[in-house]
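Visitor: Single-letter residue listing:
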Amino acid sequence: MADRSDVVGTVAGPGDDPNEFVFVTPSDKSIKTGEFITYTVPVEGEPRSVFARVTKRELIRGLPEGFLADPEVGPETVAATLGVPTDDTELYRLTATVIGYYDTNMTTFANPRQLPDPGTPLSIAPHQQLETVLPNLGCETDSTDVTTLDGVAHIGWLLNRPAEATNLHIPIEKFASTHLAILASTGSGKSYTASVLIEEMMRPSSRASLLVFDPHGEYDTLAEMQGEEAFQGADGYEPNIEYYDPERLRVRISELEIGDVMAILDNPSNRMQERLSTAWRAMQRQESRTWGIDELIAEMERIYGDDDASVGALEWRLRRSIERNDLFHPEDNVPLGEIVDPGQCTVLQMDTLDRWDQQLITTVLLRRMYRERLDDVRDRDSDIEHPIFALFEEGHRFAPASGDAPSLGIMRTITSEGRKFGFGLGIISQRPSKIDEDVLSQCGTQISMQIQNPTDQDAIKNSVEAAGEDVLRELPGLTPGQAVVSGDAMNTPALIQVRRRHTEHGAGSRPVIEEWREAYEERQREPTGSEAADFGEGDSTGVQSLD
Amino acid sequence: MHRSTTRQQYGDEAMTDTSTNVDSPDLDSCVRIGSIVSSNSHLDYVAEVYKERDCDRPPELHEREFGQPVFIKKTVDGTEHAVMGVIYDTQLVDPDQGRTGPRLAQDNQAQFTPGYIEERTTLAGVALLGTAEIAEDRGIQEPTHQMPRWTLEVEDTVFQCPDQVTVSFHTVDDQIQLAYMDRLLDIAGDLGSEVIVALIDRLRGMLPEDDPNQRVLDVVEQNVQWQAREQRGMV
Ligand SMILES: Nc1ncnc2c1ncn2[C@@H]1O[C@H](COP(=O)(O)OP(=O)(O)O)[C@@H](O)[C@H]1O
Ligand SMILES: [Mg+2]
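For the record, the sequence lines run as chains H and A. In terms of the working numbering, the first sequence opens at residue 1 and continues consecutively. In terms of the working numbering, the second sequence opens at residue 1001 and continues consecutively.
Bound conformation, chain H alone:
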């Protein structure tokens, strides 16, 4: 007979699904749904730990509900009155789904295709074992000290366990190459979680090349990493956090494609479109990459004559939409060499740009970077000779399901092809249902947090096939900082508490009440006197004059 001291329950029999079994535990072994349990089965003659996830918990024996009739009389009082013992009365029936045993050759779970026999003792899966087998770390044993591995991101710990008991270290390479989606309602911790991942990726052991498209100015505090010992390498490495404010965000006009220009111009007529396309193509065939609107108009006038009405109308529109917009410039361009570098995280602060400009700069930057990555992989000269990872807040704005954004095309290209070229995207969004389906379904790793909206829940369910129903059921009930991690970075989905940031979180909502009170006090401090008196008089005369 095996030592049963760590046994928490006993298998009762098979469940409804072929992969399910039912087991029974007394009340003092409080096992929550989502908990990982194990039992041993022989696989090819060797004992193997099979892991299973608890999916349901029902009370099968407990105090009658009639004992709860009066809210002011505790059920245990009624029980005491009737001499019913209250300790150890409760018995729970739990349902668990078999995940499998960890196949050290395949470095993932293999299904034993056999349910545990009734009477099989079940234990809580040990911390280190889970830390090894839950994430897709490719470990060659089923129990490794994962903190010693390189290229892993400590994102948090299993929610059902005490804080920091069973830590989850996910492989950065997996989510950075096959793309990441962070999906949740506003205020659930998306930006927070993204920042945790950024911190992990900027550690000396990873030195990532990151780009954050930040439409809300939520990543201002990342710079705190600089000077922090935790982020310094023995070789003198320190992460470099660069901020690009709109002053430094420039799109060189020749980088725009004709489709972009059409989108920028306000509803041009067919004739205008035709003239513009012809001239634009002609300009792009030129040697010079630094032409502006003047040159473009000169080209149109050369082709269509200088008194063409459509050219006149186009000139007016081009000057208004492009020339007068500081974002566009004949020569200036965001220098790629400056914004991407290993060990550098560049935050593109786009909060003062309007949506169109945000989309355009994003489109142009993504295109340029993709081109460079392509060149690098194909052994051509390239400005970006290392893999890059770009994170997008408001992901649905750049890859909208409505198709209404110039950036959608390049986003689709990168999510479907980028893994070959070392270009990973992270899509953060509070409206998963508004993200282009192709883009969302290409995000191999998903971090899903609290989300209520049924349409958005469905969008997650449809795109996140890896996370089973039982895990996704948890989504509406999560609180900020709790998440389901699933997909390529995991061998099986897990419900986690995201760890605390090392840097301050910069994305809180405004302290409205505090600001009101401060503003009020400010007003009180203003010299009262003639001005205040004037107001009073003004008011009263105003009223009188109305009569």
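There could be a bad hint or two in this list.
Label-pair distances were calculated between CB atoms; the ranges are [unchecked claim]:
no., chain 1, residue 1, chain 2, residue 2, range
1, H, Thr89, A, Thr1079, 27 to 35 Å
2, A, Thr1171, H, Glu164, 47 to 55 Å
3, A, Thr1151, H, Pro26, 32 to 40 Å
4, H, Gly74, A, His1042, 29 to 37 Å
5, H, Thr10, A, Arg1215, 37 to 45 Å
6, A, Trp1226, H, His502, 57 to 65 Å
7, A, Asp1096, H, Gly74, 34 to 42 Å
Short, incomplete list of chain A residues facing chain H, as computed with Cβ under 7 Å [to be verified]:
no., residue
8, Gln1177
9, Ala1179
10, Trp1226
Hint data in this document are derived by calculation from the structure and do not stem from the laboratory. Backbone N, C-alpha and C fix where the C-beta goes; we use that ideal spot for every residue, glycine too.
Starting from the known structure of chain H, arrange chain A with the ligands on it as the hints suggest.
Guide: Okay, now just chain A with the ligands, sitting in the frame of chain H:
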């Protein structure tokens, strides 16, 4: 049919007469109700109710009504104990109508099996609830609702239990207790819930109105009533 008549009758009595009970914690001056004549099981006894001829002061109707707590004195190992019980059923026997009189008991039900009885008499079913020690001041102490281990004997006297003793017996650590409930339900069969409700009614009348135990009793009563209705297929 007979049974329901009996119940009705005693029910009415209970309404009018309980209040006239004189409280006396002194176990030695309690009204004698009758004496044990037989038993159906370890916890289920039959007592013959005293008549004029049997003692100085036979019990009045309301002193031996349905749901009346009773006790029987027993000295065990030198300590005097009160074995606590309750009247959960009654039966009239008329020898002229044939030895056993009308049969009241139902199928599969604990039933009276009266012994040799020569004249018209009333039998009372007494279910045992628990025990307590009789204290020096002739009250009780150390009440327990565990199953009494001792057997009563034929001719043991059954006394009416004073209210104060009834309350003491039902109070363990300031907490009202009716831990014998499932046993009593078992013995009393169809009248089980009725006898428990009768006991609860009595206890409620004996406790101060603002006693927190009042609400506990309400919940217990609700549960018993509901269970009884469920068993009768009403709900
Ligand atoms: N892992 C976490 N640990 C502690 N607090 C968290 C965590 N995640 C989120 N929070 C809290 O939730 C708030 C909202 O998080 P945030 O990332 O700004 O939400 P979102 O980007 O989804 O709108 C944060 O200000 C922080 O207080
Ligand atoms: Mg946010």
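Visitor: Look at each hint and say if it fits the structure.
Guide: Structure-based check of all given hints:
1. H:Thr89 with A:Thr1079: 27 to 35 Å: 34 Å, holds
2. A:Thr1171 with H:Glu164: 47 to 55 Å: At roughly 49 Å between Cβ atoms, glutamate 164 (chain H) and threonine 1171 (chain A) fall inside 47 to 55 Å, so the hint holds.
3. A:Thr1151 with H:Pro26: 32 to 40 Å: 38 Å, holds
4. H:Gly74 with A:His1042: 29 to 37 Å: With a Cβ separation near 34 Å, glycine 74 (chain H) and histidine 1042 (chain A) satisfy 29 to 37 Å, so the hint holds.
5. H:Thr10 with A:Arg1215: 37 to 45 Å: At 39 Å between Cβs, range holds.
6. A:Trp1226 with H:His502: 57 to 65 Å: With a Cβ separation near 58 Å, tryptophan 1226 (chain A) and histidine 502 (chain H) satisfy 57 to 65 Å, so the hint holds.
7. A:Asp1096 with H:Gly74: 34 to 42 Å: At 56 Å between Cβs, range violated.
8. Gln1177: 6 Å, holds
9. Ala1179: Since the shortest Cβ distance to chain H is 2 Å, the answer is holds.
10. Trp1226: 6 Å, holds
Going through the hint list in order, the structure does not satisfy hint 7, though it satisfies all others.
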